[in-house]
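Chemist: The primary structure of each chain is shown beneath.
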Amino acid sequence: MKIKMNGEEKNLSQATLSVSELLVAEDVKMPEMVSVELNGEILDRDAFDSTTVKEGDAVEFLYFMGGGSE
Amino acid sequence: MTLTEAQVERYSRHILLQDVGGEGQEKILNAKVLVIGAGGLGSPIALYLAAAGVGTIGIIDGDVVDVSNLQRQVIHFTPDVGVPKVESAKNKIQEINPDVNVVTYQDIVHSKNILDVIKDYDFVVDGTDNFAAKFLINDACVIAGKPYSHGGILRFDGQTMTHVPGEACYRCVFKQPPPANAVPTCSQAGVLGAVAGMLGTIQAAEVLKYIIGVGDLLVNRLLIFDAKSMKFRTSNFKKNPNCPVCGENPTVTELVDGEQAVCDLKV
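Protein sequences, first through last, are from chains A and B. Counting with the working numbering, you get residues 637 to 706 for the letters of the first sequence. Counting with the working numbering, you get residues 12 to 278 for the letters of the second sequence.
By construction, these hints were calculated from the structure, which means they are not laboratory data. Cβ atoms here follow ideal geometry from the backbone N, Cα and C, with glycine treated the same way. A few of these clues could be false.
[To be verified] Below, a sample of chain A positions facing chain B; criterion: calculated Cβ distance under 7 Å: (1) Gly-643; (2) Glu-668; (3) Met-669; (4) Ser-671; (5) Glu-673; (6) Ile-678; (7) Glu-696; (8) Leu-698; (9) Phe-700; (10) Met-701; (11) Gly-702.
With these hints in hand, go ahead and build the complete structure from the sequences.
Modeler: Written out as structure tokens, the structure is:
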């Protein structure tokens, strides 16, 4: 399927997969450092397993970024 | 207030802008902005706000200047090593622009002082280096109804968003601080100095836009850039009804001090 991943088109071999599976497929090493947005809505972390990513969806992985002062 | 002749000359490049003009410059001169953290982000933020003529700039930071800060914290100079950052920043601001009234707080923000510190300001800028402070600033600004700019940098990356009352806040996107053991140690990760300047100047531009009431702020969107590929994007989102602080059933109703999961960029 084709999805929009962080603003760019992406082809995935799977026809559908859960957000948790997508995090694994995208090799996200620390999923606890990522907020996931699906079609403009921020997902609750406990919905990652039950939420399915489908053809045409727009997914954003938003990472915590902490630095600034020190 | 009316601009003096000297001010008309000093701020002429602002006044020439149709969106600013003398009226906008007067708004800037009357504005009160609090910069939290006089470090990598706070430096460019404070320098540009000072040059722009922001009437009152508050700076809160509990640290002294360390030699390893100088690679990116451009408001501090080599002879400032060992000097409190708020002192060092104040001196530079006053040299840039004597119009600016600088208020310093040599302290960190915590749950007991933050509401008291932010109450006198029109806008708050987050230039802190740890998630405990970032979440505290967000919660305090939401609770107090203050607009603020969030900023974060790491390695070659930066992100920023602007919160105004009634719109999405940082917790709408990042519900709670990451577990302390998941935070990549920035002492290992590092940061490109110029990335702090890139992000800090974006935050300063947001402050000035807010003050003069021009353009579209980074409200309900997160600007993310990667200086390595030099790609910028914005991720749009809505105010989250399940947000723990600004949502329909908030669970964060009072301020608490989180664990200081410090992202230490110093070493």
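Chemist: All the hints need checking, so say for each whether the structure fits it.
Modeler: These are the hints, each one checked on the structure:
1. For Gly-643 of chain A, the shortest C-beta to C-beta distance to chain B is roughly 5 Å, which falls under 7 Å, so the interface hint holds.
2. Satisfaction of the interface hint for Glu-668 of chain A is found here, the shortest Cβ-Cβ separation to chain B being roughly 5 Å, below the 7 Å cut-off.
3. Given the 7 Å rule on beta carbons, the hint for Met-669 of chain A holds: about 5 Å separates it from the nearest Cβ of chain B.
4. At a threshold of 7 Å, the smallest CB-CB gap from Ser-671 of chain A to chain B is about 5 Å, leaving the interface hint in force.
5. Hint status for Glu-673 of chain A relative to chain B: holds, with the closest Cβ pair at about 6 Å, below 7 Å.
6. Hint status for Ile-678 of chain A: holds, given a least beta-carbon distance of 5 Å to chain B, under 7 Å.
7. At a threshold of 7 Å, the smallest CB-CB gap from Glu-696 of chain A to chain B is about 5 Å, leaving the interface hint in force.
8. Annotation: interface hint on Leu-698 of chain A holds; nearest CB of chain B at approximately 6 Å, less than 7 Å.
9. For Phe-700 of chain A, the suggested interface contact is upheld, since its CB lies about 5 Å from the closest CB of chain B, less than 7 Å.
10. With a least beta-carbon distance of about 3 Å to chain B, the hint placing Met-701 of chain A at the interface is held under the 7 Å criterion.
11. Taking 7 Å as the C-beta cut-off, the interface hint given for Gly-702 of chain A holds, the closest approach to chain B being about 4 Å.
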